[in-house]
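Number of protein chains: 2
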Amino acid sequence: MDKMLEVKGKSVEELKDICVTLRKKIIEIVSKNGGHLSSNVGAVELIVAMHYVFDAKKDPFIFDVSHQSYSHKLLTDRWDDFETLREFDGISGYTKPSESDYDYFIAGHSSTSISLALGAAKAIKLKNEQKYRVPIALIGDGSMTAGMVYEALNELGDIKLPVIIILNDNKMSIAKPIGAISKFLSHAIAGDFFQNMKKRTEQILQYLPDSATYMAKKFEESLKLITPGMLFEELGIDYIGPVDGHNVEDLIRAYELAKKLNKPVIIHAQTLKGKGYEIAEGYEENWHGVGPFDIDSGKALKSSDGKRSATSLYSDALSALATENENVVGVTAAMPTGTGISRLINEFPSRFWDVAIAEQHAVTSMCAMAKEGFKPFITIYSTFLQRAYDQVIHDACIMNLNVVFALDRAGIVGEDGETHQGAFDISYLSAIPNMTIFAPRDEKSMYRAVEYAYKHQGPCSFRYPRGSFGDCGDVEDLPFELGKAQLLKEGTSDILLIGYGNGVGRAVKVAKLLKKDGLDVAILDLRFIKPIDVDILEKLSKNYKDWFIFSDSSKIGGVGSTIACLKNDFAWDSVKITSFEYKDSFIKHGNTKLVEEYLEILPEQIVDKIKNCNRE
Amino acid sequence: MDKMLEVKGKSVEELKDICVTLRKKIIEIVSKNGGHLSSNVGAVELIVAMHYVFDAKKDPFIFDVSHQSYSHKLLTDRWDDFETLREFDGISGYTKPSESDYDYFIAGHSSTSISLALGAAKAIKLKNEQKYRVPIALIGDGSMTAGMVYEALNELGDIKLPVIIILNDNKMSIAKPIGAISKFLSHAIAGDFFQNMKKRTEQILQYLPDSATYMAKKFEESLKLITPGMLFEELGIDYIGPVDGHNVEDLIRAYELAKKLNKPVIIHAQTLKGKGYEIAEGYEENWHGVGPFDIDSGKALKSSDGKRSATSLYSDALSALATENENVVGVTAAMPTGTGISRLINEFPSRFWDVAIAEQHAVTSMCAMAKEGFKPFITIYSTFLQRAYDQVIHDACIMNLNVVFALDRAGIVGEDGETHQGAFDISYLSAIPNMTIFAPRDEKSMYRAVEYAYKHQGPCSFRYPRGSFGDCGDVEDLPFELGKAQLLKEGTSDILLIGYGNGVGRAVKVAKLLKKDGLDVAILDLRFIKPIDVDILEKLSKNYKDWFIFSDSSKIGGVGSTIACLKNDFAWDSVKITSFEYKDSFIKHGNTKLVEEYLEILPEQIVDKIKNCNRE
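Those protein sequences? They're chains Z and B, same order as listed.
So the first sequence is numbered by our numbering: it starts at 138 and just counts up by one.
So the second sequence is numbered by our numbering: it starts at 138 and just counts up by one.
You may find that some hints are simply not true.
One copy or any two copies: either way a pair holds, since identical chains are not told apart in the list.
[What the hints assert, rightly or not] Here are the simulated DSSO-like pairs of lysine-lysine, each with C-alpha atoms no more than 27 Å apart in a straight line: (1) K667 <-> K713; (2) K653 <-> K682; (3) K592 <-> K262; (4) K720 <-> K748; (5) K692 <-> K713; (6) K682 <-> K652.
In short, the hints are calculated from the structure, not lab data.
Make a model of the complete structure from these sequences and hints.
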């Protein structure tokens with residue numbers, strides 16, 4: 138099978154067959170395992186042509202976000218293993234050097250590819266390998282909105298090292314091409330029409346009076362510029378395109394031309410998201426990331442567990458809040474559906490925005506709205522707020538503004554793995570002065586969290602998990618009060634379980650299991666990590682000596698470490714703290730339950746540990 | 138005096154006089170107090186015209202970086218207080234709403250202004266104040282390289298709310314204008330020449346054969362595009378310019394035109410850095426930020442304390458390393474002099490780069506070089522690495538690459554204040570898996586740190602202060618060894634001082650003072666915060682019970698908190714940890730010693746605290 142998929146030296150017809158085979162395989166496996174569908178079937182020809190013209194053994198193949206790299210995986214050494222796509226210990230949904238030498242770099246966050254390609258180009262030059270190697274970055278138009286891309290283009294246009302950028306324009310975001318004229322000009326570039334036209338134009342302009350010489354020169358320049366490529370040309374990058382991104386032959390011609398040019402080139406390829414799977418064709422967002430589905434009908438296979446996702450609860454709560462309060466505004470950075478903000482954009486189109494992949498701008502622009510008296514809800518995945526860390530410090534917190542950071546996908550995200558885990562937000566936000574940090578534990582408290590955030594003065598953030606909250610049982614539903622924890626139950630043993638956010642549900646489950654073993658433990662919902670409820674902890678330190686921490690966060694700088702500092706500061710010397718937060722390593726992909734088992738944080742595993750701690 | 142400075146309703150001649158007065162005052166005060174000279178004298182007319190055309194009481198005046206805002210401060214309510222510029226409790230070198238209502242927002246980090254202006258524009262629209270208010274962003278060309286600017290322009294060009302961007306082009310970074318032609322066209326925009334030329338061109342093109350109609354249209358478009366503004370026009374932002382940024386009359390005309398347009402406009406103003414102070418004119422970097430100087434000669438007044446700065450030691454050490462090892466490469470993000478990388482760029486122009494204000498790109502591009510076998514030294518101020526936090530996690534640490542982060546300006550930076558303090562790096566880096574974190578304590582160990590970083594496998598970072606290291610006395614100079622601390626001296630008392638980085642010098646000084654009082658204390662140089670030397674701490678926990686932490690870093694997530702976690706984990710129950718790291722608040726500007734006194738971390742102050750702790 139792998140031999141059949143060798144693309145080097147094949148005819149165009151054979152390459153087309155390979156594309157059919159790849160597309161079929163991708164649809165088959167994604168329909169079973171879930172994954173990125175439309176971006177992958179949309180990029181089949183782009184990648185087949187890459188492997189035809191370039192050599193993944195030596196040319197750095199850099200896939201932006203790499204959610205379109207399935208064809209590359211199938212074409213290299215992972216055809217057979219591909220059925221384990223996104224499974225625990227299986228093939229990653231993203232490029233991953235530890236999985237294959239053909240994967241040059243990881244990616245999961247967008248817009249890094251041109252920087253990587255430029256770094257590789259510098260290295261290639263220093264190693265004097267320019268005759269044999271050229272970096273190729275494959276980037277979707279959706280990734281072009283992030284500022285990092287322009288930082289890279291700015292240097293690339295100046296330093297002018299050979300780098301080939303394949304812009305996969307599937308109309309996710311950037312401006313539409315001008316249409317007929319640009320197509321006309323792009324065809325012209327490949328053939329000799331452009332050369333002829335240039336000459337003819339010059340001849341015509343010869344006959345014009347006075348300023349003709351300068352005009353001729355400028356007109357010639359302008360011909361190049363009136364394509365959608367002018368933005369790139371302006372930045373000093375040669376432009377080829379648009380090319381039909383589903384025509385392997387045209388792509389090969391464009392790639393070969395780019396290779397010959399021996400300088401920075403951008404190839405603008407137009408593709409259709411979902412190409413080849415009719416039900417998905419053209420539906421940009423719906424078929425981007427999917428769960429298992431029936432191929433014939435396109436219907437989702439997995440029945441829901443009946444529990445509502447934290448995201449949809451948030452979206453509900455925010456919608457109610459925004460209905461009542463006209464100063465509530467909000468933003469998402471290219472995750473309208475993922476964050477539930479799409480509903481708000483529909484309901485309040487003048488007050489909620491999707492600013493595309495632009496986390497820095499999202500945060501800072503909302504800070505100005507807060508300055509003007511609005512109450513912005515900045516809704517971003519925990520992992521993506523890392524991209525606006527300085528803006529959180531510099532624009533929200535130094536200014537002490539009334540902005541809310543609603544952090545979705547806090548904790549383990551499952552199949553997306555290392556690049557997407559929401560592990561660090563508590564650690565990186567805690568050190569920032571003026572920032573208040575709290576978390577809802579369940580469905581009811583999510584509404585309370587949104588209510589509280591609205592009333593809070595100063596910057597605040599709250600986190601909630603991917604999927605649904607754990608079950609916290611029937612505990613009293615209190616409003617949030619700054620810095621106040623909630624004791625869910627007292628216990629007769631020495632043991633106190635301290636839960637934070639989605640960790641509370643796990644603590645409750647562990648308590649139930651311990652109860653079966655005859656251990657009656659206390660449970661505290663911490664609610665706030667900053668400011669933390671020192672008073673209640675002080676009181677509890679008198680009755681409970683074994684404290685166990687439950688939070689979906691990194692141990693370093695997390696909940697347990699915050700409490701360990703208090704233990705030292707207030708001399709709770711007899712208290713022993715054990716944290717079941719995440720160990721100090723990047724967390725791999727797979728079904729969340731399997732990942733948690735691997736991390737030894739399933740309730741059953743924790744119960745054993747607690748019993749062992751407590752065996753005396 | 139303030140009345141004289143009222144610009145509204147004044148004649149052009151009177152405005153020119155005001156410019157002279159402002160310039161004189163700025164030069165006078167900066168020559169005494171130090172500060173940003175050339176950017177401020179270069180922006181006098183831009184700001185005078187802003188106050189003439191717009192109203193700082195209602196229009197948001199947004200100064201990018203705000204290191205050019207002195208004229209604005211003098212024109213609003215701070216003429217008399219201006220002599221306290223950058224002094225402790227004096228006028229800030231940046232805009233600061235807590236200092237004056239005329240300051241709309243803080244800034245110190247670059248490239249936030251267009252995002253802020255857009256946020257303000259959204260708020261103004263929602264409040265229905267568009268008839269009365271328009272946000273104005275004043276941004277230097279140097280700030281235009283950061284990606285955040287493009288994220289903001291991308292939304293602005295789409296949403297098309299009225300925002301006026303004044304691009305102060307003092308040739309710090311972006312591409313030069315085309316010269317004669319662009320000037321010609323920009324003049325044309327203001328008058329009627331452009332209209333005439335358009336008509337004439339159309340007439341000419343009428344007589345051309347075949348494709349003339351489409352060509353006429355395109356040529357007309359191209360006329361607009363062949364100015365330096367085409368980049369902005371492409372993004373949907375109207376362009377006016379270039380305008381002479383030292384001609385108040387031209388500026389007023391351009392601003393008034395922009396105001397009338399009622400949509401996003403960029404005014405491209407060309408200025409001379411240092412304008413009006415002949416010695417500084419045109420010298421971009423030398424006169425950007427200066428210490429006190431003699432106005433007549435331009436010579437620096439402050440004599441050095443004879444101690445070499447940590448930056449210059451680093452630069453020395455790196456130069457020696459790069460001479461010996463061809464795989465050493467490095468980057469700075471627009472701080473070549475500040476980081477000492479300018480010397481490396483001179484010595485090794487093919488291996489060291491200044492990539493402009495583009496921290497994200499700087500980090501990620503160097504990660505690709507590491508992948509190719511090079512050893513990049515990414516040299517960035519502690520505060521600016523916040524801008525590449527995600528890249529540190531996603532591209533350096535998940536990939537576990539051999540990259541070095543050399544963090545300059547760690548700790549208190551003095552006169553730059555809140556926005557620039559290097560307080561958070563230990564906190565935000567510690568939680569990242571694979572990251573090794575260490576610090577030199579003095580001159581000799583700086584060389585050792587650079588040596589160690591070269592040999593270290595995986596991502597690592599080390600920090601060092603602004604200015605010179607504290608004096609650590611004559612202690613043994615050992616090479617760094619992963620995770621190993623160095624005990625500088627044993628003591629006869631219960632007290633252990635634990636220093637990290639520049640904190641070691643303070644610990645040594647405190648130990649000397651305590652010795653005078655008859656207390657003989659032990660001193661540990663921690664050297665590594667991650668991995669930390671648990672073994673030596675375990676041993677020391679047996680002999681020393683009062684541990685005091687010295688580090689120029691935030692207490693939350695800092696050195697003390699790391700050790701408090703170990704105390705809990707290893708049950709060092711009799712040990713009491715007290716940290717003299719920074720409290721949880723943003724640290725204001727002023728002379729470093731005064732700031733440290735305010736924070737109560739001067740050695741003399743700490744000695745008192747230790748004696749009080751230890752009074753039993």
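Hint-by-hint comparison with the structure:
Within a single copy, K667 and K713 get their C-alpha atoms as close as 21 Å, and across copies as close as 23 Å, so both meet the 27 Å cut-off. For a Cα distance limit of 27 Å, the shortest separation of K653 from K682 inside one copy, 21 Å, qualifies, whereas the shortest one across copies, 42 Å, does not. Taking the shortest Cα distances, K592 and K262 sit within 27 Å of each other only across copies (24 Å), while inside one copy they are farther apart (56 Å). With identical chains, the CA atoms of K720 and K748 are at most 27 Å apart within one copy only, with a shortest distance of 20 Å there and 38 Å across copies.
Within a single copy, K692 and K713 get their C-alpha atoms as close as 16 Å, and across copies as close as 22 Å, so both meet the 27 Å cut-off. When the C-alpha separation of K682 and K652 is checked against a cutoff of 27 Å, the pair qualifies only within one copy, where the shortest distance is 18 Å, while the shortest distance between copies is 39 Å.
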